[in-house]
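A.B. asks: Chain residues, written in single-letter form:
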Amino acid sequence: MPISDIPIFSMLRTKLQWHQERQQLLAENVANAETPEFKPSDLAPPTFEAPARGVAPVTLLRTSPAHLAGADGGSRDFALRAAHDFEVVPTGNGVSLEDEMMKVAGNQMDFQAATALYTRGLGLIKTALGR
Amino acid sequence: MDLMKSIAVAASGLRAQAGRMQVISQNIANSDSTATQPGGDPYRRKIATFQSEMDRALGARVVALGEVRPDPTDFQVKSEPGHPAADANGNVKYPNVNPLIEMADFRDAQRSYSANVNIINATRAMIARTLDILKS
Chain A
1 MPISDIPIFS MLRTKLQWHQ ERQQLLAENV ANAETPEFKP SDLAPPTFEA
51 PARGVAPVTL LRTSPAHLAG ADGGSRDFAL RAAHDFEVVP TGNGVSLEDE
101 MMKVAGNQMD FQAATALYTR GLGLIKTALG R
Chain B
1 MDLMKSIAVA ASGLRAQAGR MQVISQNIAN SDSTATQPGG DPYRRKIATF
51 QSEMDRALGA RVVALGEVRP DPTDFQVKSE PGHPAADANG NVKYPNVNPL
101 IEMADFRDAQ RSYSANVNII NATRAMIART LDILKS
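Which chain is which? The protein sequence lines are A and B, in order.
Numbered according to the numbering used here, the first sequence terminates at residue 131, and the numbering increases by one at each position without gaps.
Numbered according to the numbering used here, the second sequence terminates at residue 136, and the numbering increases by one at each position without gaps.
Treat the hints as calculated values from the structure; they're not laboratory data.
Built from N, CA and C at the ideal position, the CB exists for glycine as well.
Where hints are given, some of them may not hold.
Claimed, not checked - Pairwise CB distance ranges, derived in the manner of DEER restraints:
#1 E87/A / Q22/B: 23 to 33 Å
#2 I125/A / A18/B: 24 to 34 Å
#3 A18/B / A82/A: 45 to 55 Å
#4 A113/A / S25/B: 38 to 48 Å
#5 A113/A / R44/B: 50 to 60 Å
#6 T63/A / I101/B: 28 to 38 Å
#7 D132/B / A79/A: 38 to 48 Å
#8 E98/A / D87/B: 44 to 54 Å
#9 S33/B / E87/A: 46 to 56 Å
#10 M11/A / A29/B: 33 to 43 Å
#11 P90/A / R44/B: 19 to 29 Å
#12 A128/B / S4/A: 40 to 50 Å
Unchecked claim - Cross-link-like lysine-lysine pairs, in silico, DSSO-like; alpha carbons within 30 Å at most:
#13 K39/A / K46/B
#14 K46/B / K93/B
#15 K135/B / K103/A
#16 K103/A / K39/A
#17 K78/B / K46/B
#18 K126/A / K39/A
#19 K103/A / K126/A
#20 K135/B / K15/A
#21 K78/B / K126/A
#22 K126/A / K15/A
#23 K93/B / K78/B
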């Protein structure tokens, strides 16, 4: 049984992936903080039901090995959610840098909490092995 | 790795903001550049624009510096008959650069730049934490 099949590790892995993807979205929002007509986006928090139902993202199927893997522009493992706009400047940009910084800090803290839990989980296994 | 993507996106933001700062410093440096011949046009203020583009290789929306456009507003005209660039009536055209606007713009660029640096630092800390799992 691979280590990632142990429930606590697979749960933590999903959480880490979610934070990783969210970090990318937040980076996009901040990088485009001056782009006209840019609307910030965010990831919807993972729910208990979603992984249980086994929702798979829609992607193009490769029916032949000769096919090129298309860049999955925008297809994600987690649902997108439009970030509610605090303020929209006259150029149509809805990014609030302060808000994004807050989200980045929160994302980083939660990610670190998840990695700490992962480390603890590994420690438990080591204890069980008697090392 | 996905976290490297975040760093690449933030780096594109740094590049775009640095390009904008270059345009602003060009404007400030040339705020007194008049024409070389009598009656000619002086330096025209330039405006940096941004555009969001989908980086296919990266799979993320990065930002890039768009076209650098000239500011179409009128030049300032001062009466200086002895100036080498003065026209027949003794008027000299000075650039349409307002140092106050440029400084405000510069502060804005600086703020966005720091925000992108902040993203890179946060992402680096996340990568370091992931690597710490190996050390346990």
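A.B. asks: Just tell me: holds or violated, for the beta carbon distance of A113/A and S25/B against 38 to 48 Å?
C.D. replies: 43 Å, holds
A.B. asks: Do the beta carbons of E98/A and D87/B sit within 44 to 54 Å of each other?
C.D. replies: 49 Å, holds
A.B. asks: Measure nothing beyond the straight line between the CA atoms of K135/B and K15/A; if it is 30 Å or shorter, mark the hint as holding.
C.D. replies: 21 Å, holds
A.B. asks: Given the hint that K93/B pairs with K78/B, test it: the Cα-Cα distance must not exceed 30 Å.
C.D. replies: This hinted pair holds, its Cα atoms lying about 6 Å apart.
A.B. asks: Quickly compare the C-alpha distance for K126/A and K39/A to 30 Å and report which way the hint goes.
C.D. replies: Answer violated: K126/A to K39/A is near 47 Å, above 30 Å.
A.B. asks: Could you check the hint for me, namely that I125/A and A18/B are 24 to 34 Å apart, CB to CB?
C.D. replies: Given a distance of about 47 Å, which is not inside 24 to 34 Å, the answer is violated.
A.B. asks: Are the Cα positions of K78/B and K46/B separated by 30 Å at most?
C.D. replies: 21 Å, holds
A.B. asks: Hey, K103/A versus K126/A, does the alpha-carbon distance stay inside 30 Å?
C.D. replies: 35 Å, violated
A.B. asks: Under the criterion that the straight-line Cα-Cα distance not exceed 30 Å, is the pair K46/B, K93/B satisfied?
C.D. replies: 17 Å, holds
A.B. asks: Are D132/B and A79/A spaced within 38 to 48 Å by their CB atoms?
C.D. replies: Since the Cβ atoms of D132/B and A79/A sit about 30 Å apart, the hinted range of 38 to 48 Å is violated.
A.B. asks: Is K126/A close enough to K15/A, meaning Cα to Cα at most 30 Å?
C.D. replies: Given that 30 Å is the threshold and the Cα spacing comes to 23 Å, the pair holds.
A.B. asks: CA of K103/A to CA of K39/A, is that 30 Å or under?
C.D. replies: 16 Å, holds
The structure is inconsistent with the numbered hints 2, 3, 6, 7, 9, 10, 12, 18, 19, 21, although it conforms to all the rest.
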